[in-house]
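Two chains, two separate frames, one set of hints: put the complex together.
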Amino acid sequence: MTTNQSSIQHKSDIPFYRDERVLQIIAQVVSAVLIIGAVIWAIMNFLKAAEARGMTLTLGFLKEAAGFPISNPPIDYDPSMSFGRAFLVGLVNTLRVSVFGVIGATILGTLLALARLSTNWLLSRIALAYIEFHRNIPLLVLLFIWYFTVFAKLPKVQESIAWPGPVYVNLRGFYITWPRLTETSQPFVISIGIGILLAIIVYVILRRRREIAGKETHYSRISLGIVMIFPLIGWFLCTGSPLWLDVPILEGFNFRGGLRFTPEFAALFVGLTMYTAAFIAEVVRAGIQAVDRGQVEAARAVGLSTGQVLSLVVMPQALRVIIPPMISQYLNLTKNSSLALAVGFQEVFSVGKITINQAGRAVPVFALVMVTYLTMSLLTSFVLNLYNRRIQFVMR
Amino acid sequence: MTETTTNEVIISCKGVHKWFGDFHALRGIDMDVHKGEVIVIFGPSGSGKSTFIRTLNRLEEHQEGDIIVDGIELSHDVRNIEKIRTETGMVFQQFNLFPHLSVLKNITLAPIWVRKWPKDKAEKVAMELLERVGIPEQAQKFPGNLSGGQQQRVAIARALAMQPQIMLFDEPTSALDPEMIKEVLDVMVELAQSGMTMLVVTHEMGFARAVADRMYFFDEGLIVESGTPHDIFHNPQEDRTKLFLSQILQH
Numbered sequence: 001m002t003t004n005q006s007s008i009q010h011k012s013d014i015p016f017y018r019d020e021r022v023l024q025i026i027a028q029v030v031s032a033v034l035i036i037g038a039v040i041w042a043i044m045n046f047l048k049a050a051e052a053r054g055m056t057l058t059l060g061f062l063k064e065a066a067g068f069p070i071s072n073p074p075i076d077y078d079p080s081m082s083f084g085r086a087f088l089v090g091l092v093n094t095l096r097v098s099v100f101g102v103i104g105a106t107i108l109g110t111l112l113a114l115a116r117l118s119t120n121w122l123l124s125r126i127a128l129a130y131i132e133f134h135r136n137i138p139l140l141v142l143l144f145i146w147y148f149t150v151f152a153k154l155p156k157v158q159e160s161i162a163w164p165g166p167v168y169v170n171l172r173g174f175y176i177t178w179p180r181l182t183e184t185s186q187p188f189v190i191s192i193g194i195g196i197l198l199a200i201i202v203y204v205i206l207r208r209r210r211e212i213a214g215k216e217t218h219y220s221r222i223s224l225g226i227v228m229i230f231p232l233i234g235w236f237l238c239t240g241s242p243l244w245l246d247v248p249i250l251e252g253f254n255f256r257g258g259l260r261f262t263p264e265f266a267a268l269f270v271g272l273t274m275y276t277a278a279f280i281a282e283v284v285r286a287g288i289q290a291v292d293r294g295q296v297e298a299a300r301a302v303g304l305s306t307g308q309v310l311s312l313v314v315m316p317q318a319l320r321v322i323i324p325p326m327i328s329q330y331l332n333l334t335k336n337s338s339l340a341l342a343v344g345f346q347e348v349f350s351v352g353k354i355t356i357n358q359a360g361r362a363v364p365v366f367a368l369v370m371v372t373y374l375t376m377s378l379l380t381s382f383v384l385n386l387y388n389r390r391i392q393f394v395m396r
Numbered sequence: 001m002t003e004t005t006t007n008e009v010i011i012s013c014k015g016v017h018k019w020f021g022d023f024h025a026l027r028g029i030d031m032d033v034h035k036g037e038v039i040v041i042f043g044p045s046g047s048g049k050s051t052f053i054r055t056l057n058r059l060e061e062h063q064e065g066d067i068i069v070d071g072i073e074l075s076h077d078v079r080n081i082e083k084i085r086t087e088t089g090m091v092f093q094q095f096n097l098f099p100h101l102s103v104l105k106n107i108t109l110a111p112i113w114v115r116k117w118p119k120d121k122a123e124k125v126a127m128e129l130l131e132r133v134g135i136p137e138q139a140q141k142f143p144g145n146l147s148g149g150q151q152q153r154v155a156i157a158r159a160l161a162m163q164p165q166i167m168l169f170d171e172p173t174s175a176l177d178p179e180m181i182k183e184v185l186d187v188m189v190e191l192a193q194s195g196m197t198m199l200v201v202t203h204e205m206g207f208a209r210a211v212a213d214r215m216y217f218f219d220e221g222l223i224v225e226s227g228t229p230h231d232i233f234h235n236p237q238e239d240r241t242k243l244f245l246s247q248i249l250q251h
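Each protein sequence line maps, in turn, to chains Y and C.
Counted the way the working numbering counts, the first sequence spans residues 1 to 396.
Counted the way the working numbering counts, the second sequence spans residues 1 to 251.
Derived from the structure by calculation, the hints contain no laboratory data.
Beta carbons: idealized from backbone N, C-alpha and C, even for Gly.
There may be inaccurate statements among the hints.
[Unchecked claim] Computed footprint of chain C on chain Y, listed as stretches where at least three residues anywhere in the stretch have a Cβ under 8 Å from a Cβ of chain C:
1) 174-186
2) 307-316
[As the list claims (entries may be wrong)] Across the chosen pairs, the derived CB separations fall in these ranges:
3) Q193/C <-> I212/Y: 42 to 52 Å
4) R79/C <-> R207/Y: 55 to 65 Å
5) Q289/Y <-> D32/C: 35 to 45 Å
6) F382/Y <-> S75/C: 20 to 30 Å
If we strip away everything but chain C, and leave its shape as in the complex, we get (with noise of 0.2 Å):
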């Protein structure tokens, strides 16, 4: 558990829904990040986890209720959404790194055409954090040269580049050999610890044992429980919740 928690409220959300079709994808979310926090969402597939990360900075449209992104509601106003996704980072289960770019420019491309950086300022900036995530060597290479630990710690990095106040995991390691998920995730709880708002969907039980401050059980769009980590795992509430738990837990 992080020591850095607040009290100020940066992420809220009322009463989210989200429809894909007839398919009621995210069926009235409601939820409270605290500046600082880290939390960790998991469920079963197509419960709706990835659906609602992916709201909170735009790239799906809720179709009901509130979203506030550090004081700026998420509605069709244009230049709030580009703001919002300026104060969010984002990491993808595919890295989805640009390829046509090295490492470098991957990392500087949106400071220098979206925050406006001059050039050797968004450079140092993204040395310092490549240093950080442990992989400055690679700077000059392009992503299609890198294992995939090393593209997704770059995806971080990237994300990172624009100082966002929050960031957003989309299953970090499910695309990741083995061997690899530990160097992911040993940057992400070093963020962690460094007093970042992140919210991670993923399955790493033992990321969310070492770091979550709160954890959400989703199931068929709807938050089945939430609670800390020690609730979670010696005293959850709910049957669902016991037998999904039983399920990535067993072995």
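Chain Y extracted, bound-state conformation (with noise of 0.2 Å):
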């Protein structure tokens, strides 16, 4: 015994170059000495050169006037303005865009999955052949199909394409007839407020009076009544009419007035928001497949209908599955909006562009384009990542 107990290494007798604690803190150490080094070294060398060359690499030009002209600008502009404010337009031509094809992809991408998944066999094949078509064709080409051989194709201005009633769709762009507010509209506006607000508040209180009395309460009807009816109200406490119909009329060699997409909005949005949805539309259906087949049967033999199978069983797994790679659709979707570049509409990226090609500050415009995605995408990505959580909670 005592001979086999001499012979066992005790903790305390490892050296401390063989003990795997110290050599991961070292390996740690060693690591982030390095790293720290080397972008503190790129960090000076990037300094000491631009200083050679006489760069200055502040933001101050954002003040100077801008000078070039962005056509179809959402808020005010003109060349006079400064910098700063032809990249706030840009911003928002971005978020537009953004936006809009974020809810287009989502709706038109869930459509398609649903389709894809039916068992209707033509419906499924048509899903399919959008699907692999989107997804295996550049965006750029996309975009460029959609523009050139579809926006940018439409006719003159004399002879615009006039769609019933006064709608009008030419080289310029889509004229819209659009009501706008008058100056005594008010009442109007806030009416619409209330209404939406009180019938959201009804909705809910009603819905779980449902579920907690089992009464049948007409949630979804008498809701939607209150919306309707709210801005009938608002609408005759106005005095004359709170809406004017702004149409678009031919002058000259343009038309004026109505609500406006330019040709280059449209390709950009079309072509983004259906090759994006080519993706969601994969993201949806493997997250219902994922779903265990169990689940649908377990569903339909307690008496569910197919709706409701869908919306109170399938689907609250299925967003589990989904959410994370739908936030990466959205980020890369907001991010492949720079190649508008290609089209000719004005966001970040291409004002960022005119704006070097003007102000000749590459490096302080890049690293402002930079930080706008970044800033972008970092919150899109933090608000769904709060959603995400909440129902992964739930699961357990």
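Set out below in structure tokens:
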């Protein structure tokens, strides 16, 4: 026994250079020093080179006059305004196309996924063909196809396509008759707000009553009624009509008035939405298929209808699988909107590109563009991750 | 054997055929089940026994023959299918509880959304059922936190919550560890004695001996033999029945 014991090495006997705990700490310290050193060296080197070439890295130039036009700006803009203002116009354009794109792609993608999973052979094959087409062609090519073969081939202003009602489509864009608020519309606007708020409250309360008391409370119908009746009351409280119709009118060589979308916006929006929808369709399909078949059988066996099986049993479980890759798709769509450069839609990146040419400040502009995208992406994933964590928690 | 059997026919099957592609899974099944009867269906795997009870609530569609459940003909009429599903409860081999809902919500889901019961009534009934299957203290837990035997008892409570006329059991103890089989069988025995009409696909011969009114031996999509447990165990007529029983009763 004693001889055995002496051959066993005690914990305290391990030399530090063989102790895995010590070795791990050393590895961490060494790699941290190397990485931080490399970054500091790169920055110093860059600053020295920039100084030698007389480059200024400040953002002061943003206050100077931009001098270049932006077509159909969503907020007030003319070339005498600053670079900063031009950048803001680009940002609003990026947000506009991204928000509409995300909404459009989610709806289209979900419908495509349901079609793909449908037992209807024709529907399922059409969805498959759509998805494979869009997944296997580069987005840039798709944008070119939409722009150069469809939206840039629209007729000249004088030969505008006039759809039923005063809606005009031509090379300059889509002109849609749009109701706009008059100066005396305040009661109308307020009543819409109150109506929506009240409808939501009534919906929640009556739906709970329906669940707790089990009596049919017609919650959807009642809240729908509230949403429709309140604006009507507001309408009659206004002196005169709260809305006027902004009708596009041909004046000389162009249309004036109405709601206008440029062909560039249309090409980017349609291209991005249809492309991303194909990926979202696969994400949603994967999520639905990840739900065990037994779940559907059990739900059907207790008598739930097809719609209830989907909304009460399948979707809540599928979302847990769908949300994380869905976040990536939303970020991709936002970042891919920078391909707008190719079709001449002026969002953050194309405004940044012109600014570089005009002001000659490549580094600060690129930094600004990168920080902008980074901020948008981080905000999006932060919000969606919060939601994701909430539904994951319900599972346990 | 239960004393609760009546003369009223609640399930009537005539010449039921079912194909999976080229595979002829059910080759003409005739069966009448009386109200309150406990039927045990057994046979080798692939014999069509699971497929058969799954056609009774239309989880599988039969292509030929007639199935009438509680006076309702099982046809392509969606309303008939939904009605039959509310009259039949089903318990699966893999439990199939809804993992995103608590035990209580698993049980109240269908009564609230299909039967349109008030929530407190549905919860009261659910708690009574959990009491009956012996796990009222698990009501607020999620299925993932329960043992297999507890999950299967919740699944039985979930099926009973719709107050069905008929209970279908598709190999309810096959996925359970041995020590949990008894707790599930105890619940099923109690259910049988309360007068529930039950169709049970199982190889638990002890259960069959204790409560079955009739047993059906399935092989290759056909009913090979049927009779009381006494007849089947002590006086089987067919060679295939004898062989199968000798294989499962050996140890």
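Hints not upheld, ascending by number: 1, 3, 4 and 6
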